[in-house]
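Student: Once you have looked at the hints, place chain D on chain B.
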Amino acid sequence: MAEIIVHQSENYDFQQLSGLCPFNAIIEVDGLIQITDACRLCKLCVKNGPPGFFELAENAVGNIDKKQWDGILVYVEQEFGSILPVSLEIVGKAKVLAEKSKQQLSAIVIGDEISPLGEQLLKYGVNQVLLYENAALKEFRIEPYAAGLEDGIRYLMPSVVLIGGTPIGRSLAPRVSARFRTGLTADCTFLEIGEEGNLDQIRPAFGGNIMAHIHTLNHRPQFATVRHKIFDEPLPSEEPNGVVLHRTMLPEQLLSRIKILEIRNKVATPMIEDAEVLVVAGRAIRKKEDLKMIHQLADLLGAQVAGTRSLIETGWVDSKRQIGLSGRTVKPKLIITCGVSGAIQFAAGMNQSECIIAINKDEKAPIFQIAHYGIVGDVYEIVPKMIRKIRKEAGGDAV
Amino acid sequence: MRIIVCVKQVPGTNQVEIDDVTGVLKREGVGAKMNPYDLYAIETAVRIKETQGGTVSALSMGPMQAEAVLREAIMMGIDEAVLLTDRKFSGSDVLATSYTLAQGIKKIGVPDLLLCGKMTTDGDTAQVGPAIAEFLNIPHITNVKAILEIREDGMVVEMDLLHAVGVADILFPCLITIEKDGVQPRLPSYRRKLAMQDVKISRYGISDMEDQNENHYGLEGSPTKVVRIFSPAANTDYEKWHGSSEELSTMLLQKLKQMKHL
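Protein chains in written order, with my numbering: chain B, 27 to 425; chain D, 7 to 268.
Source of the hints: derived by calculation from the structure; they are not laboratory data. Virtual Cβ for every residue (Gly too), placed ideally from N, Cα, C. Treat each hint with caution, since some may be false.
[Unchecked claim] Example chain B residues on the side facing chain D (calculated, C-beta under 10 Å, incomplete):
hint: 1; residue: Ala-64
hint: 2; residue: Arg-180
hint: 3; residue: Thr-208
hint: 4; residue: Leu-210
hint: 5; residue: Ala-212
hint: 6; residue: Arg-283
hint: 7; residue: Ile-289
hint: 8; residue: Asp-325
hint: 9; residue: Leu-326
hint: 10; residue: Gly-341
hint: 11; residue: Ser-345
hint: 12; residue: Tyr-399
hint: 13; residue: Val-409
hint: 14; residue: Arg-414
hint: 15; residue: Lys-415
[Said to hold, decoys possible] List of simulated lysine-lysine pairs, DSBU-like, C-alpha gap at most 30 Å:
hint: 16; chain 1: D; residue 1: Lys-261; chain 2: D; residue 2: Lys-186
hint: 17; chain 1: B; residue 1: Lys-255; chain 2: D; residue 2: Lys-55
hint: 18; chain 1: D; residue 1: Lys-113; chain 2: B; residue 2: Lys-314
hint: 19; chain 1: D; residue 1: Lys-246; chain 2: B; residue 2: Lys-387
hint: 20; chain 1: B; residue 1: Lys-314; chain 2: B; residue 2: Lys-359
hint: 21; chain 1: B; residue 1: Lys-346; chain 2: D; residue 2: Lys-266
hint: 22; chain 1: B; residue 1: Lys-313; chain 2: D; residue 2: Lys-186
hint: 23; chain 1: D; residue 1: Lys-263; chain 2: B; residue 2: Lys-390
hint: 24; chain 1: B; residue 1: Lys-415; chain 2: B; residue 2: Lys-318
hint: 25; chain 1: D; residue 1: Lys-113; chain 2: D; residue 2: Lys-231
hint: 26; chain 1: D; residue 1: Lys-112; chain 2: B; residue 2: Lys-164
hint: 27; chain 1: B; residue 1: Lys-93; chain 2: B; residue 2: Lys-149
hint: 28; chain 1: B; residue 1: Lys-415; chain 2: D; residue 2: Lys-231
hint: 29; chain 1: B; residue 1: Lys-164; chain 2: B; residue 2: Lys-93
hint: 30; chain 1: D; residue 1: Lys-113; chain 2: D; residue 2: Lys-206
hint: 31; chain 1: D; residue 1: Lys-206; chain 2: D; residue 2: Lys-39
[As the list claims (entries may be wrong)] Here are the in silico distance ranges between beta carbons for each label pair:
hint: 32; chain 1: B; residue 1: Met-297; chain 2: D; residue 2: Pro-42; range: 18 to 26 Å
hint: 33; chain 1: D; residue 1: Pro-42; chain 2: B; residue 2: Glu-54; range: 49 to 57 Å
hint: 34; chain 1: B; residue 1: Lys-126; chain 2: D; residue 2: Lys-39; range: 50 to 58 Å
hint: 35; chain 1: D; residue 1: Pro-42; chain 2: B; residue 2: Arg-273; range: 56 to 64 Å
hint: 36; chain 1: D; residue 1: Gln-260; chain 2: B; residue 2: Lys-285; range: 27 to 35 Å
hint: 37; chain 1: B; residue 1: Glu-54; chain 2: D; residue 2: Ser-195; range: 52 to 60 Å
hint: 38; chain 1: B; residue 1: Asp-344; chain 2: D; residue 2: Met-257; range: 53 to 61 Å
hint: 39; chain 1: D; residue 1: Gln-260; chain 2: B; residue 2: Ser-141; range: 46 to 54 Å
hint: 40; chain 1: B; residue 1: Leu-271; chain 2: D; residue 2: Ser-237; range: 52 to 60 Å
Next up, chain B with everything else stripped away, as it sits in the complex (with noise of 0.2 Å):
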């Protein structure tokens, strides 16, 4: 267990010493100093206070053996006998990152009449895919596709394990991750391997607000999720060089205390997410008649139309167009912004776009920090001559 240990001394400066810890975690108690519960452990006390003052008192780590966990292992999902575009992506990260750290590359796939799947896999770079397939595992649920990839990893033993951020991911690889009681990172937007295999994880947390740089060095394997739009999704390569093995599960493996009683598509609108072309409104459209112009210009670019978060919280637009960190995650190859000022939050859910045009007002809205294009100017203006002038160049051709 570690902690700060505090070596008390008589002569010491209560004030200095308690601006040395950003958490006030640092009290003075009948003449004597003592570290609260908020410390985390940050170790600022003992790099800039009073020499030998504060110690961090650690205990050693039992290390495990790092050489029998290895290889990359996607848990690639299925809906219907499709596998999502997530999982293609994260195929095509993993692939790079084992042909760098010359380690083999597996995926598990879980369903009910996946079989081409297999073969599918193969052709984008995989060595090895395990198929469990069983009329049981027909729909998700959990008890059984938990153990269906622990049998994976007890199987293949690999040293990571990656998997799409879904609402199926964000539901397995916690619980599976707690069944080998090692280290998972969620939404991870940059992933490397490192030294002994470790793995170099970055994730936004705080609402994109700060980046984390996340280790998981003395356990394995090392669980990670991403999202969707992440990485970029692969070319399917020529020559398939693997193997695909199906596994069998025990009855009781199979069991739940889940049934599915429906499943239904959700009325089918289509999701910003996949749009290649987004046009966003933001704050400056003062009235919800207004939005209609940002429609039409979207329309006129085979785009699709996407809010920020005060635009959903005004109901002009619908919660499932919200781009941002309570929203949706975009990256389009074009996106074109509306009197949209820009926000962290808003920006962590698009700036990964191809190209990022910004109109807006105000010199110095942070969205121009981001916008490869950035356009100073007020939308009211500017919009409707873009509609004008696109419908002239099509109306020559037309009338």
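Tutor: This is chain D only, laid out in the frame that chain B set:
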């Protein structure tokens, strides 16, 4: 019926900054509040109690100040509250946090139903709920939008899937995490605050747990280690256009044509 709701105290805002010199979060003046997603879990729990009877407990882990969110939960209709607090819990990651909460739940007794918010606003991971269910060896369903039916031995819930909505029957004991749009959380009641101000919040530390091995808690029990934190970098490779709206719209038209979007 017994229900436990897990709640967390989070910073009052996400607008946190990093101190350039020390490299740690600046927390002064940020304040603290209940994780907003937990309000929906509390509301769901209180509504179940109102129709089915029974008791609802709130459970949190954190420093003593975290009692504030438990008081708020009580003002919303929770009957009793437990705070897991111990200096040795600090520095907990997802695994250690969920393990500690699971130990706390065992201490108060595994209920029929465990409720969590969908995620927290500081960690954003949505992982603690499922990991608690693993440690208690009970089934879980995440992203529950609505509870459609409750029986003695289980319930029927509607859950949000990626491109679909599912309806599932799940047997007690179980854990579910609650989506934010299903119910409207009630405001804390001042009258209830007055009525409940004598309710004592129980506090438990490692010595109260079934597992008292310190290596399973806090920083030591956390497999993941934060190497460093930093502010996200801004992409500085940009150009800015100035001019009349006529000029600007023409430039934009040309750019879109050049990029083959028109």
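Student: Against each hint, give a clear statement of whether it holds in the structure.
Tutor: Status of the hints after comparison with the structure:
1. Interface restraint check: Ala-64 of chain B against chain D, minimum CB-CB distance 5 Å, threshold 10 Å, status holds.
2. Evaluation of the Arg-180 of chain B hint against chain D yields a violated restraint, the C-beta minimum of about 16 Å exceeding 10 Å.
3. With a least beta-carbon distance of about 5 Å to chain D, the hint placing Thr-208 of chain B at the interface is held under the 10 Å criterion.
4. Interface hint status for Leu-210 of chain B: upheld, as the beta-carbon distance to the closest one in chain D is roughly 6 Å, under 10 Å.
5. With its C-beta approaching chain D no nearer than about 4 Å, Ala-212 of chain B sits inside the 10 Å limit, and its interface hint holds.
6. Interface restraint check for Arg-283 of chain B: the shortest CB-CB distance to chain D comes to about 4 Å, inside 10 Å, so the restraint holds.
7. Annotation: interface hint on Ile-289 of chain B holds; nearest CB of chain D at approximately 5 Å, less than 10 Å.
8. A cut of 10 Å between beta carbons decides the hint on Asp-325 of chain B: the least distance to chain D is about 13 Å, and the hint is violated.
9. Taking 10 Å as the C-beta contact cut-off toward chain D, the hint placing Leu-326 of chain B at the interface holds, the least distance being around 8 Å.
10. Hint status for Gly-341 of chain B: violated, given a least beta-carbon distance of 13 Å to chain D, over 10 Å.
11. Given the 10 Å rule on beta carbons, the hint for Ser-345 of chain B holds: about 7 Å separates it from the nearest Cβ of chain D.
12. Taking 10 Å as the C-beta contact cut-off toward chain D, the hint placing Tyr-399 of chain B at the interface holds, the least distance being around 6 Å.
13. A distance limit of 10 Å between C-beta atoms decides the matter here; for Val-409 of chain B the minimum to chain D is near 8 Å, and the interface restraint holds.
14. Given the 10 Å rule on beta carbons, the hint for Arg-414 of chain B holds: about 8 Å separates it from the nearest Cβ of chain D.
15. Annotation: Lys-415 of chain B was flagged as interfacial toward chain D, and the flag holds, the nearest CB pair being 5 Å apart, inside 10 Å.
16. At roughly 41 Å between alpha-carbon atoms, Lys-261 of chain D and Lys-186 of chain D are farther apart than 30 Å, so this suggested pair is violated.
17. The straight-line distance between the Cα atoms of Lys-255 of chain B and Lys-55 of chain D is roughly 41 Å, outside the 30 Å bound, and the hint therefore fails.
18. Note on Lys-113 of chain D and Lys-314 of chain B: the hinted pairing is violated, with a Cα-Cα distance of about 53 Å set against a maximum of 30 Å.
19. A C-alpha spacing of about 12 Å is found between Lys-246 of chain D and Lys-387 of chain B, which places the hinted pair at or below 30 Å, so the restraint holds.
20. Using a Cα cut-off of 30 Å, the hinted pair Lys-314 of chain B and Lys-359 of chain B holds, with the two alpha carbons roughly 27 Å apart.
21. With a C-alpha separation of about 28 Å, the suggested pair Lys-346 of chain B and Lys-266 of chain D falls inside the 30 Å cut-off, and the hint holds.
22. Restraint check: the Cα-Cα separation between Lys-313 of chain B and Lys-186 of chain D comes to about 26 Å, which is no more than 30 Å; the hinted pair holds.
23. In summary, the hint linking Lys-263 of chain D to Lys-390 of chain B is supported, as the alpha carbons are separated by about 28 Å, within the 30 Å threshold.
24. With a C-alpha separation of about 17 Å, the suggested pair Lys-415 of chain B and Lys-318 of chain B falls inside the 30 Å cut-off, and the hint holds.
25. With a C-alpha separation of about 28 Å, the suggested pairing of Lys-113 of chain D with Lys-231 of chain D holds against the 30 Å cut-off.
26. With a CA separation close to 33 Å, the supplied pair Lys-112 of chain D and Lys-164 of chain B exceeds the 30 Å bound.
27. A threshold of 30 Å between alpha carbons decides the hint, and for Lys-93 of chain B with Lys-149 of chain B the separation of about 28 Å falls inside it, so the pair holds.
28. A C-alpha spacing of about 55 Å is found between Lys-415 of chain B and Lys-231 of chain D, which places the hinted pair above 30 Å, so the restraint is violated.
29. Of the supplied pair hints, the one linking Lys-164 of chain B and Lys-93 of chain B is violated, its CA atoms being roughly 36 Å apart against a limit of 30 Å.
30. A distance of roughly 17 Å separates the Cα atoms of Lys-113 of chain D and Lys-206 of chain D; the hinted pair therefore holds under the 30 Å criterion.
31. Note on Lys-206 of chain D and Lys-39 of chain D: the hinted pairing holds, with a Cα-Cα distance of about 20 Å set against a maximum of 30 Å.
32. Under the hint 18 to 26 Å, the C-beta atoms of Met-297 of chain B and Pro-42 of chain D, about 24 Å apart, fit the expected range.
33. Between Pro-42 of chain D and Glu-54 of chain B the CB atoms are about 36 Å apart, so this pair departs from the stated range of 49 to 57 Å.
34. The hinted range of 50 to 58 Å is not satisfied by Lys-126 of chain B and Lys-39 of chain D, whose Cβ atoms lie roughly 43 Å apart.
35. As the Cβ distance of Pro-42 of chain D to Arg-273 of chain B is approximately 42 Å, the hint placing it in 56 to 64 Å is violated.
36. Checking the proposed 27 to 35 Å range against Gln-260 of chain D and Lys-285 of chain B shows it is violated: the Cβ atoms sit about 59 Å from each other.
37. Remark: the range hint 52 to 60 Å for Glu-54 of chain B to Ser-195 of chain D is contradicted by a beta-carbon distance near 39 Å.
38. A hinted range of 53 to 61 Å for the beta carbons of Asp-344 of chain B and Met-257 of chain D is inconsistent with their spacing of about 32 Å.
39. Between Gln-260 of chain D and Ser-141 of chain B the beta carbons are some 51 Å apart, a value that agrees with the proposed interval 46 to 54 Å.
40. Look at Leu-271 of chain B against Ser-237 of chain D: about 45 Å separates their beta carbons, and that is not inside 52 to 60 Å.
When the structure is compared with the earlier hints, violations turn up for hints 2, 8, 10, 16, 17, 18, 26, 28, 29, 33, 34, 35, 36, 37, 38, 40 and for no others.
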